[in-house]
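Chemist: Chains as they are written, first to last, in the numbering used here: chain G, 1371 to 1725; chain E, 1371 to 1725.
Simulated from the structure, these hints should not be mistaken for laboratory data.
Hints are not guaranteed to be accurate.
Any copy will do: because identical chains look the same in the list, a pair fits if it lies in one copy or spans two.
[Said to hold, decoys possible] With a Cα cut of at most 20 Å, we get these calculated EDC-like pairs of lysine to aspartate or glutamate:
#: 1; residue 1: K1628; residue 2: E1383
#: 2; residue 1: K1668; residue 2: D1502
#: 3; residue 1: K1686; residue 2: E1541
#: 4; residue 1: K1668; residue 2: D1583
#: 5; residue 1: K1722; residue 2: D1701
#: 6; residue 1: K1430; residue 2: E1652
#: 7; residue 1: K1722; residue 2: E1664
#: 8; residue 1: K1579; residue 2: E1503
2 protein chains.
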Amino acid sequence: MGPENFAADSLREVVEAVARRAGVRAEDAAVLADCLIYAELSGISTHGVSRFGIYIERIKRGLIDPTGQPQVVREATAVAVVDANGCLGQVAGAFAMRKAMESARRHGIGAATVKHSQHFGTAGYYCKLATDEDLIGISLTNSEPAMAPWGSYQAYLGTNPIALGCPTGSEFPIIIDLATSNVARGNVIAAARRGEPIPEGWALDPAGKPTTDAEAGLAGSVLPLGGVKGYALALLVDLLSGVLSGAGFGAGVGSMYKDLTRPADVGHFFAAIDPAAFMPIEQFRERTEALIAEIHGKPPAPGFDAVNVPGEIEFKRRSMRAVEGIPLTADVVSALRNLADEAGIDWPQPLKEDS
Amino acid sequence: MGPENFAADSLREVVEAVARRAGVRAEDAAVLADCLIYAELSGISTHGVSRFGIYIERIKRGLIDPTGQPQVVREATAVAVVDANGCLGQVAGAFAMRKAMESARRHGIGAATVKHSQHFGTAGYYCKLATDEDLIGISLTNSEPAMAPWGSYQAYLGTNPIALGCPTGSEFPIIIDLATSNVARGNVIAAARRGEPIPEGWALDPAGKPTTDAEAGLAGSVLPLGGVKGYALALLVDLLSGVLSGAGFGAGVGSMYKDLTRPADVGHFFAAIDPAAFMPIEQFRERTEALIAEIHGKPPAPGFDAVNVPGEIEFKRRSMRAVEGIPLTADVVSALRNLADEAGIDWPQPLKEDS
């Protein structure tokens, strides 16, 4: 059976209702749902509702505190240290990014770190919070060990993503969001779930040998982006989001799926920059619009129809899926529907069948 | 003839004296020399004294103002916009990083952009200025078009490096410094200068075909780090250092070697973060030391003797070369010696011959 399409609002309601039944406050459930549905609308399905099940599982086991509230525990003029107090990563992330945004509006730039947090979903979501208010947003997070330091084969660093959002004079913001591995680990997880092999160059098995077995790749390590440079970038992210925040770092970050005995202690780093502190905002809009127009004007290489800017395809997809709905594969539907059934929540009708 | 080794101080004196004769103020000549000799000591020879000749050439042609002074033209609490006024990139870069560092000490974080600047040498140098004072430093710069947006083959973005320095509890700072291309363009320039071919995967010719001809690669484009991700990272750098600063961006950045008719209008972005605003500095030192020890403790993969942290090899090399001298190849010696001769500066004796 092919994917079924669901209205974004229907899925949003299911996620919110299930989260509330699990003890999450209504306003926090709304933030969580907004982040997951943003990912689905954007086509970043590796960070969408397929992650919801493990969040609920960890809440049930006491590893995520559904009523936990993030709190500023240390502050200077333009920076804040946030303790997530074990709350959902999305709740801590949105809170901390808004702190950084406030500071950027007042001081030109601001940053906030987060400790004692969880998987926060797609990093670009927090950048979008900033671009929605004409600010540049930077979002970094560490994650469970998945990648070896260059020169070793034993997983230590996460696939630690780097994300930056930039408001523009065009109809869409630029949203850069990339894992520092050759491919996001979510793709390996998805392949393992479907029982499919992975391409060469994605992962090593636990003994350090290249593998096309998704399960072996998850047990071993994924390869860093471009070799030693990806290692350096993943380390950069862990220095800011793990070491600087006071969270776990390196192997100190717990596995979301494999370790159901302790909180993950994930760390994040957020920064926001106000372009209006650097030049009149209208001038910044013109410059970003010119940049995008120049990139669009470059001749496409063979095999390409157009030259895109990061965030552009996701923007178009969001517009399209707001109308046509979000396609979910059968395994994702089944898992989400089970959560809804357990919580006594009605399951929505699909919009239409997709081939 | 193999490389000859020269004492760092001898080379520093030559660079300073030649720069002063070209009209550079004594204190600015010292900054320039410090940056170039730092690169040579660290083994980053692509960004060392081999670049000095084109700086002097551009000064002679009026494209770099040897007496130009960087100036803050716009400011908010924690950010500054610096106009380099056409001065040397190193002078503008050190000035702006020190602005960001001042702000970090007072407010936890600070940033400074630079417009109307030049090639500023190795990005890591400015991060080292920060780590020398127990601050985290971030240094970004755009550069002349060398890399195509993903989906095109026409050069538009530079190989825009990302650098971050982090003070540690170990004897060396972590210095991450990487071009967002598969390889730094300096390596292609060096191969072209030596008349040698380049490996596959480094560059495309002007028609978009893969090439091993270094000159064709310089005329065409170099490939981004890991494909579309390197494109996104290069764009991230240009957004902050070019678009946000008010400098040239994309194809608006002039070629240092090929365009001797106009100033390059390079843009930079610097940020500094004070770890002491986030936790007691002693705790930060302990955490970074633990991180490094854990990475060192990972088992080496076949073909590796040890697992290193970025900046570690360069630190060891600086210690070694401070004693044994800096090895310069015959072509670099010849070019630098010509500059010294023209300026009437004595050329130093090599320390010893290296095989």
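Chemist: Using 20 Å as the alpha-carbon threshold, which applies to K1430 and E1652: within, between, both, or neither?
Modeler: The answer is neither: 49 Å in one copy and 38 Å across copies each exceed 20 Å.
Chemist: My question is about K1722 and E1664: at a cut-off of 20 Å on alpha-carbon distance, are they close within one copy, between copies, both, or neither?
Modeler: neither (39 Å within a copy, 52 Å between copies)
Chemist: My question is about K1668 and D1583: at a cut-off of 20 Å on alpha-carbon distance, are they close within one copy, between copies, both, or neither?
Modeler: neither (39 Å within a copy, 24 Å between copies)
Chemist: Using 20 Å as the alpha-carbon threshold, which applies to K1686 and E1541: within, between, both, or neither?
Modeler: within (10 Å within a copy, 50 Å between copies)
Chemist: Using 20 Å as the alpha carbon limit, work out where K1722 and D1701 are close: within a copy, between copies, both or neither.
Modeler: within (17 Å within a copy, 69 Å between copies)
Chemist: For the identical chains here, do K1668 and D1502 meet the 20 Å Cα criterion within one copy, between copies, both, or neither?
Modeler: Neither: 28 Å inside a chain and 43 Å across chains, both beyond 20 Å.
Chemist: Can you give me the call for K1579 and E1503, within, between, both or neither, at a CA distance of at most 20 Å?
Modeler: Neither: 47 Å inside a chain and 42 Å across chains, both beyond 20 Å.
Chemist: If the cut is 20 Å between Cα atoms, do K1628 and E1383 qualify within a copy, between copies, both or neither?
Modeler: For K1628 and E1383, neither the intra-copy (29 Å) nor the inter-copy (59 Å) Cα distance is at most 20 Å.
Hints 1, 2, 4, 6, 7, 8 from the earlier list are contradicted by this structure; the remaining hints agree with it.
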